[in-house]
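Asker: Sequence:
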Amino acid sequence: MEMEVRSALNDKIIEIVKKHELTHAQVAKVAETSRTRVTAILNRNTQDVSTDLMLRILARLGYRAKISFSKAA
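Just so you know, my numbering puts 36 at position 36 of the sequence shown, and the rest follows in order with no gaps.
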């Protein structure tokens, strides 16, 4: 389950960055993180990147995550 959430966050960050034609450096500056971490996320290399950081990047780019729950079958 955690991997699905992280993957969805990663996909959304990539989509936003492409849509707005942002550079890695621009995203890093807005999110107050390193360009290295942003590059890792955009290359889908997120094993050393926290879910909190991905949520913070989305928030700093003007988006928020919406979480919902449903009973497992």
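What the hints contain is simulated information worked out from the structure, not anything from laboratory work.
There could be a bad hint or two in this list.
Claimed, not checked - Straight line, CA to CA, 30 Å or less: simulated DSS-like cross-link-like pairs of lysine-lysine:
| hint | residue 1 | residue 2 |
| --- | --- | --- |
| 1 | K18 | K71 |
| 2 | K19 | K66 |
| 3 | K18 | K29 |
| 4 | K29 | K12 |
| 5 | K71 | K29 |
Claimed, not checked - Restraint-style ranges between C-beta atoms, simulated for each label pair:
| hint | residue 1 | residue 2 | range |
| --- | --- | --- | --- |
| 6 | A73 | S34 | 38 to 48 Å |
| 7 | I14 | K66 | 30 to 40 Å |
| 8 | F69 | T36 | 33 to 43 Å |
| 9 | T39 | A73 | 31 to 41 Å |
| 10 | E32 | A73 | 36 to 46 Å |
| 11 | K12 | S34 | 38 to 48 Å |
| 12 | R64 | K29 | 33 to 43 Å |
| 13 | T36 | A73 | 12 to 22 Å |
| 14 | D52 | I14 | 30 to 40 Å |
| 15 | T39 | M1 | 35 to 45 Å |
Ideal placement from N, C-alpha and C gives every residue a C-beta, glycine not left out.
Asker: Is it true that the C-beta distance of A73 to S34 lies inside 38 to 48 Å, as the hint says?
Answerer: 41 Å, holds
Asker: Starting from the hint 35 to 45 Å, judge whether the C-beta atoms of T39 and M1 obey it.
Answerer: At 27 Å between Cβs, range violated.
Asker: Can you let me know if the beta-carbon spacing of D52 and I14 is within 30 to 40 Å?
Answerer: 18 Å, violated
Asker: Per the hint of 33 to 43 Å, is the separation of the Cβ atoms of F69 and T36 within bounds?
Answerer: Given range 33 to 43 Å: holds, Cβ gap about 34 Å.
Asker: Within 30 Å, alpha carbon to alpha carbon, are K71 and K29?
Answerer: 39 Å, violated
Asker: Is 12 to 22 Å a correct range for the gap between the Cβ atoms of T36 and A73?
Answerer: 41 Å, violated
Asker: Indicate whether the distance between the beta carbons of E32 and A73 respects the range 36 to 46 Å.
Answerer: 41 Å, holds
Asker: Determine whether the Cβ-Cβ distance between T39 and A73 falls within the hinted range of 31 to 41 Å.
Answerer: 38 Å, holds
Asker: Run the distance test for K19 versus K66: straight-line Cα separation, threshold 30 Å.
Answerer: 20 Å, holds
Asker: Would you say the C-beta atoms of K12 and S34 sit inside 38 to 48 Å of each other?
Answerer: 20 Å, violated
Asker: When you take the CB atoms of I14 and K66, is the distance between them in 30 to 40 Å?
Answerer: 18 Å, violated
Asker: Are K29 and K12 close enough, with their CA atoms no more than 30 Å apart?
Answerer: 18 Å, holds
In this structure, the earlier hints numbered 1, 5, 7, 11, 12, 13, 14 and 15 are contradicted, and the remaining ones agree with it.
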